[in-house]
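Read top to bottom, the protein sequences are chains A and B.
The first sequence: position 172 = 172 (our numbering), numbered continuously.
The second sequence: position 127 = 477 (our numbering), numbered continuously.
Bear in mind the hints are in silico, worked out from the structure with no lab data behind them.
All C-beta atoms, glycine included, are put in the ideal place defined by N, C-alpha and C.
Just to be clear, a hint being listed does not mean it is correct.
Below are the EDC-like pairs computed for lysine to aspartate or glutamate, each with C-alpha atoms no more than 20 Å apart in a straight line [to be verified]:
1. B:421 <-> A:248
2. B:402 <-> B:378
3. A:5 <-> B:551
4. A:342 <-> B:551
5. B:402 <-> A:55
Selected chain A positions facing chain B (in silico; Cβ < 7 Å) [as the list claims (entries may be wrong)]:
6. 2
7. 4
8. 5
9. 8
10. 63
11. 232
12. 238
13. 241
14. 243
15. 285
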Amino acid sequence: MQSTKIRAITISISCLLIVSVVMGMGMGAVSISPLQIMAILVGKTSMNTSIQYSDVQESVLVAIRLPRVLLAVLIGSSLAISGAAMQGLFRNPLADPSLIGISSGASFAAVAAIVLGINSVGIITSVAGTYALSFVTFLGALITAVLVYRLSQSGGKTIITTMLLAGIAINSLAGAGTGLFTYAANDAQLRSITFWMLGSLGGATWSSVLGILPFTLLPVFVLPHFAKALNAFSLGEANAAHLGTNTERVKIIIVLLAALCVGASVAVAGIIGFVGLVVPHIIRLSIGPDNRYLLLLTPILGALLLVSADLAARTLFIPSELPIGIITSLIGAPFFLYMVVKELKTQKNF
Amino acid sequence: MLRVQNIQFRISPNLSLSNISFDVQAGEVVAILGANGAVKSTLLKIITGALKMNSGNVFINDLPISYWTSKELSKCTAVMQQQNQLQLPFTVCEVVMMGRYPHFKTKATLEDENIVACVLEKTGIQKLKDRNYLSLSGGEQQRVHLARVLAQISGKKNAEPRYLFMDEPSNNLDIRHQHSALNVAKEFAQEGNCVVAVLHDLNLALQYADKIILLKNGAMKGFGAVSTVMTNESLSDVYDLPLTIFYPPSGSHPMVIPFANNINNNELINN
């Protein structure tokens with residue numbers, strides 16, 4: 001039965017997520033065993049335990065690994081669910097925030113903000129700075145999302161080629177804009193930009209975790225309520241309205257929430273592509289397109305994917321560290337090509 | 351009952367719907383007929399609330415359509431569109447269940463399940479119920495949407511009629527399924543509901559409709575019972591083609607036959 005299958009998948013990817021989180025906290029230059037992790041976390045709050053751990057282990061876990069893993073969980077889950085929701089809205093499985101230009105719009109906004117004035121010193125290190133940068137990237141993401149949506153809609157249908165071409169145009173436009181601002185930046189700003197553009201979770205601190213917490217949790221908890229509306233959307237906007245969906249409200253809320261979490265994650269981690277594309281697709285392959293289950297499972301798998309990708313990014317070539325965007329693109333780009341080929345085939349069949 | 355009063359709607363400088371008035375009583379099937387570009391689909395969009403008219407009134411159960419929220423409207427009216435854009439691999443059963451969405455919050459009730467099973471049978475697609483929608487033929491997909499809109503307005507009834515609006519329901523269907531689709535619509539009407547359908551096939555209209563709305567270039571050329579509105583003259587005028595209504599000696603329904611001008615009409619009429 002479908003429901004038992006869904007339950008089994010939910011349980012297994014949740015278990016894998018827990019395992020990957022423990023591995024993410026334990027593995028690296030300083031290794032910490034699962035028992036020690038527990039002891040440190042419990043010891044932090046109260047009682048003594050018999051398990052021994054060093055001060056180095058404690059500070060590595062609390063100050064570096066824990067915020068980093070939490071950041072990966074927050075960004076992975078929210079990028080994945082906003083990808084799924086965007087795909088529902090565009091009625092097409094290829095709509096991914098990084099592919100259609102939303103992420104680069106956000107990153108352009110961030111660079112512009114750094115050069116044009118947000119105090120470049122404190123940006124990435126304080127909660128308020130994270131909020132400010134998040135807000136700016138959110139605006140950038142929002143404007144590009146609305147633009148791409150408007151461009152790609154025609155007569156209640158999403159024109160896929162327009163959507164992808166608009167994405168290419170916006171990506172290169174934002175790239176050019178980012179380049180211009182980099183060119184105009186002074187040395188201090190340039191350092192800020194470079195540091196930020198590296199796009200990894202390496203800069204994770206408790207303030208970046210707290211900085212994006214509201215913007216990433218909101219989509220994860222609100223979007224599942226739109227599952228039925230998004231299912232109805234797959235019949236076309238007019239049919240969704242005839243099924244009692246307030247289509248304008250659904251569109252506005254989903255674009256806002258997606259822009260919010262893409263903006264927030266770009267603000268602290270740069271562009272991490274393809275999470276929103278690959279994760280929902282894997283879930284659809286295993287349980288079908290019903291958004292009522294899709295929107296519950298994508299955040300779990302998204303978190304799992306990003307925690308594991310980050311683990312690979314920082315442990316494959318110790319002591320140097322790969323930007324996580326490289327890992328997700330290595331997985332995502334071939335996957336995307338495969339999906340494009342498949343999409344072409346189904347179009348031919350009609 | 352559905353009451354339409356004096357609809358005006360401008361489409362382009364040279365084309366507009368004007369002075370459209372008619373009403374549909376419970377139990378009736380009303381067909382909208384007219385040539386391509388007669389503004390039939392636009393009229394249907396206006397009376398279902400998908401487009402806002404420039405002036406005029408549409409009353410559903412004596413309440414102006416602008417007073418209805420889309421949520422309330424979706425519980426008693428369903429619209430079957432000419433084209434459907436589903437591109438995701440839902441199963442047939444899931445698509446039909448979408449018709450019940452206005453009636454449940456998150457989880458379908460037993461009643462919803464029963465209604466879905468019932469309409470699957472009515473539309474003859476119960477064998478397809480676990481199939482992937484995308485793997486179906488155009489005609490089969492059309493029947494799935496028929497089942498979906500029926501599911502939307504089936505179930506426990508109160509005194510008010512429910513409304514089924516169809517734009518070209520016979521699209522893609524073979525002759526057998528064209529008739530079974532209209533039979534289903536007719537049965538639905540006879541349970542005390544209203545059906546309004548845009549039809550291209552005049553013979554289907556002659557056979558199933560109770561009343562006819564004739565449109566030409568956005569103007570209403572006639573509204574009333576089939577026998578009074580569908581005449582040789584009115585049809586020939588609306589379609590710009592000589593058309594003759596013909597009563598087959600052994601058939602129960604009249605038929606419409608087109609004649610090219612060079613064929614002698616008398617021959618067939620004399621038969």
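With a cut-off of 7 Å, does the beta carbon of residue 63 of chain A approach a beta carbon of chain B closely enough for the hint to hold?
violated (42 Å)
Holds or violated: is the Cβ of residue 8 of chain A closer than 7 Å to a Cβ in chain B?
Since the shortest Cβ distance to chain B is 19 Å, the answer is violated.
Please verify whether residue 5 of chain A and residue 551 of chain B have alpha carbons no more than 20 Å apart.
violated (47 Å)
For the pair we were handed, residue 402 of chain B and residue 55 of chain A, check the Cα-Cα distance against 20 Å.
Violated: residue 402 of chain B and residue 55 of chain A sit about 70 Å apart, past 20 Å.
Can residue 285 of chain A be said to touch chain B, with a Cβ gap under 7 Å?
With Cβ-Cβ at 10 Å, over 7 Å, it is violated.
Can the hint on residue 241 of chain A be confirmed by a CB-to-CB distance to chain B that is less than 7 Å?
holds (6 Å)
Are the Cα atoms of residue 421 of chain B and residue 248 of chain A separated by 20 Å or less?
Holds: residue 421 of chain B and residue 248 of chain A sit about 13 Å apart, inside 20 Å.
Going straight from one Cα to the other, do residue 402 of chain B and residue 378 of chain B come out at no more than 20 Å?
This hinted pair is violated, its Cα atoms lying about 25 Å apart.
Let me know if the C-beta of residue 4 of chain A comes in closer than 7 Å to any C-beta of chain B, holds or violated.
Violated, about 16 Å.
Measuring from the C-beta of residue 5 of chain A to each C-beta in chain B, is the shortest one below 7 Å?
Not OK, violated: residue 5 of chain A not within 7 Å of chain B, min 14 Å.
Would the stated hint for residue 232 of chain A survive a check requiring a Cβ distance to chain B of less than 7 Å?
holds (6 Å)
Have a go at the residue 243 of chain A hint: is there a Cβ in chain B nearer than 7 Å to its own Cβ?
holds (5 Å)
Checked against the numbered hints above, the structure violates hints 2, 3, 4, 5, 6, 7, 8, 9, 10, 15; every other hint is satisfied.
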